[in-house]
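**Q** Chains as they are written, first to last, in my numbering: chain R, 1 to 93; chain Z, 1 to 351.
Treat the hints as calculated values from the structure; they're not laboratory data.
Where a beta carbon is used, it is the ideal one built from N, C-alpha and C, also for glycine.
You can take every hint at face value.
Part of the chain Z face toward chain R, derived, beta carbon under 7 Å: (1) Arg9; (2) Ala64; (3) Asn156.
Straight-line Cα separation of at most 30 Å, DSS-like style, residue types lysine-lysine; simulated pairs: (4) Z/Lys285 to R/Lys37; (5) Z/Lys285 to R/Lys46; (6) Z/Lys41 to Z/Lys345; (7) Z/Lys285 to R/Lys65; (8) Z/Lys301 to R/Lys37; (9) R/Lys37 to R/Lys82; (10) R/Lys65 to Z/Lys301; (11) R/Lys37 to R/Lys65.
The following residues of chain R were derived to be distant from chain Z, with all beta-carbon distances above 10 Å: (12) Ala17; (13) Ala20; (14) Arg23; (15) Ser24; (16) Leu51; (17) Asn53; (18) Arg61; (19) His64; (20) Glu75; (21) Ile76; (22) Glu79; (23) Cys84; (24) Val86.
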Amino acid sequence: MTELLDPTTEALSQPIAWAARPRSLEGKRVALIENTKYNSDRLLQKIGDLLVNEYGVASTRLFHKRNASVPAHEEIIEEVRKTCDVMVAGVGD
Amino acid sequence: MSTTLTSKRYQVEGGLDDAVEFCFRQGWTDGLPVVPPTAPKVQAMLDAAGLDSKHQVSYVEHRAVSITAEKIAINAVMAGCLPEYMPVVVAAVEAIGDPRWSYHGPGTSTGGAAVLMIVNGPIRRELDIHAGDNLFGPGWRANLTIGRAVRLVMRNVCGSRPGLLDRGTLGHPGKLSFVIGENEEDSPWTPLHVERGFRPEQSTVTIVAAESPHQFYNQLSNTAEGVLTTLADSMRISGNVMGQPTYVLVLAGEHTRTIAQSGWTKKEIRQFVWEHTQNSHAHLKRTNRMSGAILPGDDGKMRPLAETPDDILVVAAGGRAGAFSAFIPGWGSRRSSQAVTVAIKGAKEVK
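Isolated chain Z (complex conformation) (with noise of 0.2 Å):
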């Protein structure tokens, strides 16, 4: 497709060293060197999606800000993308500017939240976008460059600079890259995207507002319930406790097993998690996290941690071995921003 890339254009002396550093002085990075992004390199961004180059991805109304497809690939281009990667950065892209998302508040607040996001469906093999073992960790090309490329244009085109429109108190390294995938294959569950009304054979992403990832371990427990007793208390009292958000679990190889042995399935795991890490009225009074005097019935008077059951996000996820798992709180409150699933287009079906 012969698109007219519209962008400005810098003329840079000298060679790759000087234009790796004039990107630098621009303030166009994450702190980190970018690929200079030059035409011929953005242009075949544009190719692999299909794209036009003006073609509206996504409009962020809080920021009046409308993001296009060339911005997009010249952010993905800085990011060290391959070309095939361009249409997962593009569904993430669309998914921030979805309503439910809400960007102003995960893009601005001083929770610190990362996109996280879980890539489900043939494109992930096709990408080798990592489920596996130091799944958070280094390694990965898909994984690092595709959420990096998100938060460049969160950066340059949505104006989310750290101390200025990002003001987050902490941040986490996630907000360098979070992307994960499912591991379908040796999952014994129902894969995210299928939950969320999607086909198997489709592509899809799912973007979650989220803190860093929590590991617990449990190495004791051969049952379903063991290993789940011990990551809801270690979930009891997390992330937003009062604001109930969303969370994800990232259930690991043995812990899945361990889990799938007893018979559990997704929807009788987020149940039993939400049962089991609720706080009593009295305990949140007591810890400075709800306000007032502590009443009669408070200790028997329980707020659960997520609004629902269904707030709970199960992904088989992390390394065939050791006996860890993780959950990640969700910023904020599932009423600020909620969990967003997009069909990465021009992804093929793969029955």
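Chain R on its own, in the form it takes in the complex (with noise of 0.2 Å):
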């Protein structure tokens, strides 16, 4: 018989709060958030059209992360925080 200890862990467990979902896209401000690859920002704005010709929203506004591997910057939160009621996030390789 060995005893062994267990070298993983766990991620701590944080709460998170969910913002509402819109019932319609309809009249609102979509943020669109690109990560610097490259044509993320291409494909952002295609699907920022497509929100705006097909589901009525009102406007979009392209926001740039610093780079792809960091989470988007507290600038970028809180200005899509006060100017947007919608953000979609992608990733383009």
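Could you use the hints to bring the two separately framed chains together as a complex?
**A** Structure follows, in structure tokens:
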């Protein structure tokens, strides 16, 4: 018989407050968060155009992360909070 | 130091072989057999570093993971470390949690980075961390087990499992272990850690998110400019050319002596290599590395391989014989991950 210690650990649990989901995108202001990879801005802008043309979105605004490896910085989050209702984030590669 | 080990315990029937196979079945290993982590071995590891089991060594914000001394000790035992290696493993784990290294990118990216660790200072000799022949190859317990321990921590504590949260397209063998020492005794230059703000008598580990080593050879030149011209030509198109990552130059015995005979310092080496590894925008566009059509003037418009000469780290290491040296491209870009140097706590300072 050998007694072994577990080398693994779990991520710390943390509370997440989900934003309320909109019932419709009609008239909403959409933030597009691009991660600086090639073409991610073009892909997101296409999605934004679709949302405007087919779902009645009022406007789209593109935001740029500092680089693909880090979460969106505080200034972006703050600006989105103030000026947009919905956001789309995506990876382009 | 007496501490309480709080990790979950498993009772495994049978002998050593059964314990080793149990570790495989649990998904705890890197593909090689591990030393079964029993409480006395784990405690010895903690004692050697003078750490309480609950002590948080590092917090990886991107993963919301707290890395405690106990978890590091368990993984270090599994990697085959001697207890006296523990302070080096702890320092490296402290470094991977540093926001400048930025764990999420190098830990996850399709780019497949390893954690290159360069050990400087007196602890290198005390622990026999190798800095000579077969520098990156097999043969030295400290080099192979210290790096392995850090990778096991990334796997078992941070969740960086290949195919899941470690998405390297190719990866490379350095992801098993990638530890070298700087050969300070034979080096004509200022050691890496002193260049980075530490005292010579301090022991440090410098970590770099890195690709595999790329070897080049030049057995014709007897000047610094000759050797480094060959290096620059091999290096000019390498790594993430457009990303401008950190680079590490590992200069081995013969080249080191040739360059030193020309009277060049590390600063001059960096400057020369930085100036001679730039690519024209026209070439980058022609070879599909830079987007867009070639414009008038693009032939003379140059883009450096790294942002600044200081993004090129120079290390003296490798065998005395052989006209070979290596460059190691860093992962991604300097903006997404930077080299971090951490003092090894508890290491003796020898003047």
